[in-house]
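These protein sequence lines are chains L and P, in that order. According to my numbering, the first sequence is numbered sequentially starting from 1. According to my numbering, the second sequence is numbered sequentially starting from 1.
Errors might be hidden in some of the hints.
In the BS3-like style, the derived pairs of lysine-lysine whose C-alpha atoms are separated by at most 30 Å in a straight line are [to be verified]: (1) 12(L) to 92(P); (2) 91(P) to 63(L); (3) 67(L) to 18(P); (4) 67(L) to 12(P); (5) 12(L) to 91(P); (6) 33(L) to 118(P); (7) 33(L) to 113(P); (8) 12(L) to 18(P); (9) 33(L) to 159(P); (10) 33(L) to 156(P).
For each label pair, taking beta carbons as the anchor points, the in silico distance ranges come out as [stated by the list, open to error]: (11) 75(L) to 129(P): 41 to 51 Å; (12) 5(P) to 92(L): 47 to 57 Å; (13) 205(P) to 22(L): 28 to 38 Å; (14) 89(P) to 22(L): 20 to 30 Å; (15) 215(P) to 71(L): 25 to 35 Å; (16) 74(L) to 209(P): 31 to 41 Å; (17) 13(P) to 89(L): 39 to 49 Å.
Bear in mind the hints are in silico, worked out from the structure with no lab data behind them. Since the model is a prediction, treat every value here as computed from it, not as a measurement. Ideal Cβ placement from N, Cα and C applies to all residues, glycine included.
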Amino acid sequence: MSENGHHIVSPKIYAAILAALLLGTWLTVQAAKIDLGRWNIVLALLIATIKMSLVILFFMHGKYSPKRTQIVIVSGFFWLAIMLGLTLTDYTTRHPEPSRSANPPAIAIHRA
Amino acid sequence: MHRTGELYGQYKTLDQQKETATLGMWIFLVTEILFFGGVFLTYSINRHQYPTAFGVGGNMLDLFLGGANTVVLIASSFTMAMSVWSAQTSKKAWVTLFLIATLILGTVFLGVKVVEYKQKFDHHLIPGHGFDITYCSKSPAAVCGLSEKEHADEVKEVKDAIETEGGVTALNAHAQLYFSLYFGMTGLHALHMIVGAGLLLWLILESRKGRFDANYNTPVENIGLYWHFVDIVWIFLFPLLYLINRHLA
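Okay, chain P solo, but in the shape it has when bound:
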């Protein structure tokens, strides 16, 4: 697997060779669109069925951390695009620098995700035996790091939701469905990020050897496509998981 810019026998030109590789990458991304599409579909159906419990669940997420992570990921897409540009214009040192910046931003995203998961663990929001959506509203405001006003809003919201759902058992069951989907979807996204980070690491090592320039940059371009795709998934996950029903809180 030591491909460089040489022309393979089945192609007429280097451009044709590169276009073929990019087309193949897009066909892979189409399968990814449909793969994530199925997960988004599952989420939509359940959200439609249990809007109250999903609303309560969504409001328990940390909007600041989610929003900050969105900014981080968008910035990483920009640095990735800039690394492709650097390769296309043969600025070899900049290719490496922009790739490192992309990897750092991707790692920050994953780090913030760890902080968020830990928070959910502390707040009894991991689906399973210890799950209790009413935990923060039952505890003093400081336990979940809420202000008095936020705590009062949450108490009211949870109380209304128990009434709408017809009991705390039903609310907990349906809120667990929300958090199962939350961890499933963000986990699947994070898994893609981890794979992307591994690919970036490889690109950085190769780029340090000065392999990518205007003549040959297919790996930078195609891993870039993958990275942007993962960014797009988050562009939809963020509003769907964090933002709908936010006005109720």
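With the rest of the complex left out, here is chain L:
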């Protein structure tokens, strides 16, 4: 990397990443067929995140990039986390509105 400015990733590593990504695709399809309740989505997103990390680190040379570039990559996900995290903490903690759902609210509000 720093010795001559750019690191050449070997085809062997690319092939290994390809195999890992195909394995991940197979795993996520198999995992979806098992009923894990709310953990299905967690597992699916976990596998997708691992696949994404492999693509960024090796196919996109993130692992071999200068620190400056790596900071930019991480900052993108940091801002994404702020957007997703803060918005979803709002939406997932609201009471369901009876007018928007036929189901009774999970928590009944008792008025005196």
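With the hints as your guide, set chain P onto chain L.
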């Protein structure tokens, strides 16, 4: 715009020049992450609000075509990476060949997407006046190409969903939301693929002139980054759209 490997005045070395271009590409990709992030956020909020209708909608997608397309796109990312490697090691003929392979795989992906969209059209799953999530369950199994067992499962699933949602009108309204997001998200992704295919075509034409080698390969590298990014978007779209609640079917 006929840039080659010559050093521009504001840089000290060619490596610095290339790193700057790559950094700029990554800054663009960060804006793309946030752009797609907003769409994923919209999807998550609506999925949280209407899990039943979204579950039914997701189960109407063709898992085989979606899975096969995932494999195709991952393979195209591999050929793209190999074309960057070929350029870095000055194997000029291989740069062109791997770029052509990437373009072919990308086109196959888009072709499969067309087949899927046509299928949704036939099954009354295009949001709008003709939308009817119960169409396949109401029709004989052969109409939507389902086996007897798949059809029986779908009839049961749709019946349960109508009950949970409190009527077929509510289910259709919320399932339309799912399919609007499905077409919006996959459409936006496909648009990026089409732009990528255009860029690849340009790269292939330039590569045929023998322009990319160990000394100068910035366009191959940076368009490669874009192509991998589009692959990553699909890596998340596939499980989110096709796989959640698949076990219910």
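Note whether the CB distance of residue 89(P) and residue 22(L) lies within 20 to 30 Å or breaks it.
-> holds, 25 Å
Note whether the CB distance of residue 74(L) and residue 209(P) lies within 31 to 41 Å or breaks it.
-> holds, 37 Å
Could you say whether the range 39 to 49 Å given as a hint is met by the Cβ separation of residue 13(P) and residue 89(L)?
-> Given about 47 Å between the Cβ atoms, the range holds.
Restraint status (C-alpha distance of residue 91(P) to residue 63(L) at most 30 Å) = This hinted pair holds, its Cα atoms lying about 24 Å apart.
How does the Cβ-Cβ distance of residue 205(P) and residue 22(L) compare with 28 to 38 Å: does it lie in that range?
-> Between residue 205(P) and residue 22(L), where Cβ atoms are some 31 Å apart, the hint holds.
At the C-beta level, are residue 215(P) and residue 71(L) separated by a distance inside 25 to 35 Å?
-> holds, 28 Å
30 Å limit on alpha-carbon distance, applied to hinted pair residue 33(L) and residue 118(P) | holds, 26 Å
So the hint says 47 to 57 Å: do the beta-carbon atoms of residue 5(P) and residue 92(L) match that?
-> At 52 Å between Cβs, range holds.
Residue 12(L) paired with residue 92(P) [C-alpha distance capped at 30 Å] | holds, 19 Å
Between residue 75(L) and residue 129(P), does the beta-carbon spacing fit 41 to 51 Å?
-> Given range 41 to 51 Å: holds, Cβ gap about 45 Å.
Distance restraint between residue 12(L) and residue 91(P), which requires alpha-carbon spacing of 30 Å or less | Roughly 17 Å separates the two Cα atoms, so the pair holds.
Are the Cα positions of residue 33(L) and residue 113(P) separated by 30 Å at most?
-> Distance of about 23 Å is within 30 Å: holds.
Of the hints listed earlier, there is not a single one the structure fails to meet.
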